[in-house]
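Based on the hints, put chain C in the right spot on chain F.
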Amino acid sequence: MTDKEATNVDFGHRHLLGLADYSAEDIGHILQQTDRFLEILNRPIPKIPTLRDVTVVNLFYEDSTRTRLSFELAEKRMGADVVNFSAKGSSVGKGESLKDTIQNIGAMKIDMVVIRHQSPGAAHYLTRCINTSVINAGDGPHEHPTQALLDMYSMKQKFGELKGLKVAIIGDILHSRVVRSNILGLTKMGAEVTVCGPKSMMPLYADELGANISYRLEETLEWCDVAMALRIQLERQEQGLFPSVREYHERFGIKKRHLKEFPHFTIMHPGPVNRGVELESEVADNSRAIILDQVTNGLAVRMAVLYLLSGRVQ
Amino acid sequence: MAETYLLKNLKPAGPGTEKLPDTIDILITDGTITRIAESIDQQASHSKDFNGAYVSAGWMDMHVHFREPGFEHKETIETGSKAAAFGGFTDVACMPNTSPAVSSRDVVEYIRKKGEMQPVHVHPIGCVSIDRKGKQLAEMADLKEGGAVAFSDDGDPVYDSRLMRIALEYSSMLEMPIINHEEDLALSRPGHMNEGRVSARLGLQGSPGIAEEVMIARDIMLAELTGGRIHVAHISTAKGVDLVRSAKKKGIRVTTEVCPHHFDLTDEEIERTGFDTNFKMHPPLRTAEDVEAMIEGLRDGSIDAICTDHAPHSVDEKEAEFIYAPNGIIGLETAFAISCMRLLHPGHLSLDDMLERLITAPREITNLTVPDFNEGSEARFTIFDPEAEWTFTADEVRSRSRNSPYLDRKLKGRALGIFNKGKLVLS
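Residue numbers (our numbering), protein chains in the order written: chain F, 27 to 340; chain C, 1262 to 1688.
Just chain F, with the same shape it has in the complex:
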């Protein structure tokens, strides 16, 4: 190991593959560090040299706007050298394997890799192909740990603590990495989670996820402190998993009238929002929605994660 790799003794992790491997203490530590970086982002010159001479590769095999932008900005705010690789316009089209790609990039002496990929386990696989820190930016429907961390941070910011918080996650539970990481993280931090959506979009053994299960939106909204709506991917309708967007919106979309009916819940969404599907426009834009705070916090959370895994901890 080089000295860069060896230094991060306190944190005890070299990779962030998923929240399954992280303890409540680890998560608490990241959220605590995030405070510092959020403060930095609010300075007139929101830039620090912490990752100077650290080279980070953003390896994106799947379309992503905000996650990619957020990682890239987090890296640049900390002075890292950043290389972007996307499956489009790369040699992937010519049939190069992930292993060959990463080993070629690795030969250019890089320090950290951020990967977004359609296959569960792609980040785990990457750790076997290259000897650098790996951060999972979403591996198929498996995990999206930095999203869950930013969601938890945003909830903590709003409510003071996560312990005892009632969080509802609404939408396509079967195909969501956001759900899996959030349930893992939130339950470790003492929150209670309910997943709500059409039964055809729940895993067969949904109870395995560690959350309550509901098929009734109104009941769920009455119960929760936070309602996190997930983006419905329209291809799921093509696959026949639900009858129509219209019926989905009728039954599982959060509507303006719900804000009056249930006056206390906070609205979250990992983005991008399908307005008029999972959230009515008035709901997305309501003062009870913290969707844009999530985006800002995402930047700070990713800075904290990069910092803790970089081996530059002082």
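These are computed hints drawn from the structure, not numbers from a lab.
Under the rule of at most 30 Å between Cα atoms (straight-line distance), these lysine-lysine pairs were calculated in the BS3-like manner: (1) LYS1272(C) / LYS1684(C); (2) LYS225(F) / LYS1500(C); (3) LYS225(F) / LYS214(F); (4) LYS1269(C) / LYS1280(C); (5) LYS1671(C) / LYS125(F); (6) LYS1673(C) / LYS1280(C).
For chain C alone, kept in the frame of chain F given last:
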């Protein structure tokens, strides 16, 4: 000059050995058994003392993929045969998912002729439908004439129920079995692992057990209707075994087989190993409950044969993201060890019962003769030690591929060699 082998100090076991002494010497002349006695004191061109190891009739694996013709970068008939001999098998039946597929007599004969040069007997399985497309029956009678021992479209299930009905009718006229890879594709696709608790955690799209079970149920009903013989390939679920068990009680002509990985491993392995693609196969690894049901099925005879579904894939193919890696693992070299460790040593099956699954059952299903120990018969034996401890390292792999979940694992139970086609081949 006749070539003679004297194999000394062996303990006979399994079918055909009931009347033999506890320890025997075997004298073989030009591949034929010339004498079996407690002790033979005679000069021979080759003599070997096995110090009390077991000998049985040669084992048969009725479900292997030797990939030739068409996919020789994964395996060839030659390398596959070496792996089979190493694992103690004297006979294998090759699945027809080659390129071209085994839907014409010339391909059957090509495989058979290539097999003649190998240390093991290579029995081709012919296609049910032309090019395994599931549309039109292959020329089954001609395939049988050419040497096919069964019919199967292998990884592509015979999906069209009418075609399966016709295939069962036609093949029963030839007294041949149809082997079906039981899978309702509409329920299983894309199916990267077993659909269950682990897939819920890992976010991998699951292939449910019921995709296998509905097809088994359909095929049993069609076999009942037609009087045909259906052989359920690589059974993997508890409910599937129940279906076969009750069909057998009704006298329906159904048989089945199970792979060692399905009575040894569960889907938990995928999580434990961080998505190791050597635990990806079809049918997928199921649950602990299913593993127990496989062992019970072998114990009570609901499951007839132990097979490997030896499915070589090159390192390049298997080293990939989990959803992109191909299904399948090699199994010939490790099948006996896993059987010993999971069936014999814990006392679920006696040695004789386990050998029956490796010797008699696969041959009865494929209409082949079970090798015997009579003087004057062809010598076709497996020599083995169920207690031998060893590690399956990359160096031990005889297959051209090394996609095994058992690499570098400590194993107990090992084939020491085979006597086949007039030659002693030591592992």
